[in-house]
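Enquirer: Order-wise, the sequence lines are chains A and B. Taking the working numbering, the leading residue of the first sequence gets 1, the next gets one more, and so forth. Taking the working numbering, the leading residue of the second sequence gets 1001, the next gets one more, and so forth.
Bear in mind the hints are in silico, worked out from the structure with no lab data behind them. Here the structure is a predicted model, which means the values were calculated and not measured. Note that the Cβ used here is the ideal one computed from N, Cα and C, for glycine as well. Keep in mind that a hint or two might mislead.
[Said to hold, decoys possible] Anything over 12 Å on all C-beta distances counts as not near chain A; from chain B, calculated: (1) 1041; (2) 1076; (3) 1132; (4) 1151; (5) 1166; (6) 1241; (7) 1290; (8) 1353; (9) 1357.
[What the hints assert, rightly or not] DMTMM-like, lysine to aspartate or glutamate: derived pairs with alpha carbons at most 25 Å apart: (10) B:1181 to A:219; (11) B:1212 to B:1127; (12) B:1269 to B:1251; (13) B:1269 to B:1253; (14) A:118 to A:219; (15) B:1181 to B:1193; (16) B:1181 to A:129; (17) B:1301 to A:219; (18) B:1301 to B:1340; (19) B:1301 to A:179; (20) B:1301 to A:109; (21) B:1301 to A:129; (22) B:1301 to B:1193; (23) B:1051 to B:1340; (24) B:1377 to B:1357; (25) B:1212 to A:117; (26) B:1181 to A:117; (27) B:1051 to B:1215; (28) A:118 to B:1340; (29) A:134 to A:109; (30) B:1301 to B:1253; (31) B:1212 to B:1103; (32) A:134 to A:116.
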Amino acid sequence: MDHGSLALQYLLSGITKGSIYAVVAIGFNLIFNATGVLNFAQGEFVMLGGMLAVTLTHFVSLPVAVTGAVLAVTLVGCALELLFFRPLRRHSVLLMIVITIGLSIVIQEAALHLWDEKVRSLPYFTGNEVSSVKMLGAAISPQVLWVLGTVALAVVGLHVFLKFTLQGRAMRACSSNPEAAMLAGINTANMRTLSFGLSAGLGALAGCVISPITMTHYEMGAPLAIKGFAAAILGGLGNPMGAVVGGLLVGVLEAVAVSRLPAGYNDVAAFAVLLLVLFVRPHGLFGSLAAEQAREC
Amino acid sequence: MATLRHLLGGAATTGGQAQFLGRPWGAAALRVLAFVAVMAAVQLAFCAAGKAYCLTQLTMAIYYAVAVIGVALVMGCAGQVSLGHGAFFAVGGYTSALLTTCDLSAFQQAAWAAWLQSCRVLVVRPDLYGGQVMSVSPWAAFVAAMLLTLVVACVIGYPSLRLRGHYLAMATLGFGLIVHKIILGSALLGAADGITGVPAWRLGAGLALTGKAPDRVANYYLACGLVLLLLVVLGNLVRSRVGRALQAIHDRELAAAVMGVNTAVYKLKAFVFSALLAAMAGVFLTHYSGGIGPSEAGVLKSVRYVALAAAGGMANFWGVAAVSIVINYFSLRGWFGSYDQAVFGALLILIISLTPEGPLQPLGAWLRSLASRWFAKREAAHGPA
Chain A
1 MDHGSLALQY LLSGITKGSI YAVVAIGFNL IFNATGVLNF AQGEFVMLGG
51 MLAVTLTHFV SLPVAVTGAV LAVTLVGCAL ELLFFRPLRR HSVLLMIVIT
101 IGLSIVIQEA ALHLWDEKVR SLPYFTGNEV SSVKMLGAAI SPQVLWVLGT
151 VALAVVGLHV FLKFTLQGRA MRACSSNPEA AMLAGINTAN MRTLSFGLSA
201 GLGALAGCVI SPITMTHYEM GAPLAIKGFA AAILGGLGNP MGAVVGGLLV
251 GVLEAVAVSR LPAGYNDVAA FAVLLLVLFV RPHGLFGSLA AEQAREC
Chain B
1001 MATLRHLLGG AATTGGQAQF LGRPWGAAAL RVLAFVAVMA AVQLAFCAAG
1051 KAYCLTQLTM AIYYAVAVIG VALVMGCAGQ VSLGHGAFFA VGGYTSALLT
1101 TCDLSAFQQA AWAAWLQSCR VLVVRPDLYG GQVMSVSPWA AFVAAMLLTL
1151 VVACVIGYPS LRLRGHYLAM ATLGFGLIVH KIILGSALLG AADGITGVPA
1201 WRLGAGLALT GKAPDRVANY YLACGLVLLL LVVLGNLVRS RVGRALQAIH
1251 DRELAAAVMG VNTAVYKLKA FVFSALLAAM AGVFLTHYSG GIGPSEAGVL
1301 KSVRYVALAA AGGMANFWGV AAVSIVINYF SLRGWFGSYD QAVFGALLIL
1351 IISLTPEGPL QPLGAWLRSL ASRWFAKREA AHGPA
């Protein structure tokens, strides 16, 4: 394999992982926009999606299992909002963030005891472990195309939803000015529930498509939440589409680090670059000061 | 109870406030008394029950509480989350462990070594096998650890604290991950095994910071004393000009800035001070347990500190100390077995949902109403004193 195609291979693996970080980061942003809270349980939605889908495949066909898992996790997301965030609205944002950390721990432990500590995975959506598609001299697994395609569709779908549908516009209104939205007759509390459900469902979908490549494991949520948070900050907190760029950047940085640095230092490079970017561009690549301040008051 | 009040100096009630030596009883004095009483009672109870070995985990939990109080300072006063205090703990612990265990005997003849030895920076001590090793004295290592933490905390805190929002969380999270990976990747720091064989720290007056059984009770009181001192100092700090400035920053940063508070400087100072507390906890615990491992720097530890600080009530440092000592003690004793993490998460959610100000707040309010009712009843019965 020549140098160029090797680089392409690394790039593609980076983009694949990065697209998952992007989905987690979008989830962060959806909830941040609606409530001002950073939901550190975001990674657990991805884990739950994968786990549920793997279990469901024992009973139903793959597409039904994936759909079922996504729907179930969406409900879990809504339930979390109804159970914890709605009654505790008067708590400070800082406390709510810590509650999400607690939720993440509890969900992870529940998954450990519901399933077990084994690593599992969904079957490849098309082909198998060894089948590959030749593209520009690099060999890529068809599952990579599935991941990229699904994530791209989800992102475009979300964009269309937020921009053009009534519900989506109501959601954006809530994030830009909750009081005005309330006066316009929007049920802001339900919009918050919807944003939790949406970001949980998106996370679960990502968890399903990535499962054949990276496997699903009860502990996979926390590292994903960390990378997703990094991607969200890098893209500018509160900007869902910035999160896509942020996620892809974190993934590619990681892939470059894997190819250039001794093993074990890959996170170091990714986070060092992230810190440098933040110190130069404090509000991320596409973030704005105004969006942050609107949320903090 | 009445005799106690007499002993403490002609207790009179003015406006429902108890008096102590003619002055109003500070809530602080009451808390100090309660703390000393509880800690002494726990020690006596454990020793009487023949379970003195439990004091070891309790001492460790108290040292961890020092780090948690550090996090609470950043969260409660500067209103920011630090997800890197595990790393500061490790910076302190590893610096001290590395300096006190490295063998510099090879340089014994060198002039600089002799000079440093005369300054008591380097000490010669017998090692486990009866040989002689020359290494840095724990005092000098402590100073070095503090200086290193000071520099690192300034480098991390300076850019991120000038920003608003959750950037400190991100910066410290990245910093923590990097420190963890560096420790795991470097042979000098023992990689995955960590550093063991850290010598006892002779503090003088027959007191040695070590986990050995004969020194157990003394070390327990040493740790208690450290936390008590810290709580009193922080209590005074909060009521000082600095504390009021920090409170203003926490409540409304813009307003504080308009009133002439240099918000960036205050936030940086609070952050650096809290990092120093975490590092100090690291140094003490490393000497106490005789070693340190890479898990101390892990993100999980940092998250745990943040969680405990939030559960304790953040700016309510006494509550933070209490919650963190109790929960960490049960974890260290392995009470919850394989459910440890699950119980921790559930407790965390429960405590924060029910008592957002920390569990000591409602307890204190209840005790205060009880006391004032009791005094009122006495006054009604006996007339004013």
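Enquirer: It remains to establish, for every hint, whether it holds in the given structure.
Expert: Taking the hints in turn, this is what the structure says about them:
1. 1041: Label holds. Min Cβ-Cβ 31 Å, cutoff 12 Å.
2. 1076: Since the minimum Cβ distance to chain A is about 9 Å, residue 1076 of chain B lies within 12 Å and the statement is violated.
3. 1132: About 36 Å separates residue 1132 of chain B from the closest Cβ of chain A, which puts it past 12 Å; holds.
4. 1151: holds, 16 Å
5. 1166: The claim is violated: residue 1166 of chain B sits with its nearest Cβ about 6 Å from chain A, within 12 Å.
6. 1241: holds, 24 Å
7. 1290: Non-interface label on residue 1290 of chain B holds, nearest chain A Cβ at 27 Å vs cutoff 12 Å.
8. 1353: violated, 6 Å
9. 1357: Answer for residue 1357 of chain B: violated, closest chain A Cβ roughly 10 Å.
10. B:1181 to A:219: holds, 18 Å
11. B:1212 to B:1127: Satisfied, since the Cα-Cα distance of roughly 16 Å is no more than 25 Å.
12. B:1269 to B:1251: holds, 18 Å
13. B:1269 to B:1253: holds, 16 Å
14. A:118 to A:219: holds, 10 Å
15. B:1181 to B:1193: holds, 13 Å
16. B:1181 to A:129: Outside the cut-off at roughly 31 Å; violated.
17. B:1301 to A:219: holds, 16 Å
18. B:1301 to B:1340: holds, 14 Å
19. B:1301 to A:179: Distance ~39 Å between residue 1301 of chain B and residue 179 of chain A Cα, so the pair is violated.
20. B:1301 to A:109: holds, 17 Å
21. B:1301 to A:129: Status violated; Cα separation ~37 Å.
22. B:1301 to B:1193: It holds: about 17 Å lies between the C-alpha atoms, which stays within 25 Å.
23. B:1051 to B:1340: holds, 22 Å
24. B:1377 to B:1357: The hint is violated at about 30 Å.
25. B:1212 to A:117: violated, 37 Å
26. B:1181 to A:117: Holds. Residue 1181 of chain B to residue 117 of chain A sits at ~24 Å (cutoff 25 Å).
27. B:1051 to B:1215: Cα-Cα ~15 Å, so holds.
28. A:118 to B:1340: With a Cα-Cα distance of about 20 Å, the restraint between residue 118 of chain A and residue 1340 of chain B holds, given a limit of 25 Å.
29. A:134 to A:109: violated, 41 Å
30. B:1301 to B:1253: violated, 29 Å
31. B:1212 to B:1103: holds, 23 Å
32. A:134 to A:116: violated, 37 Å
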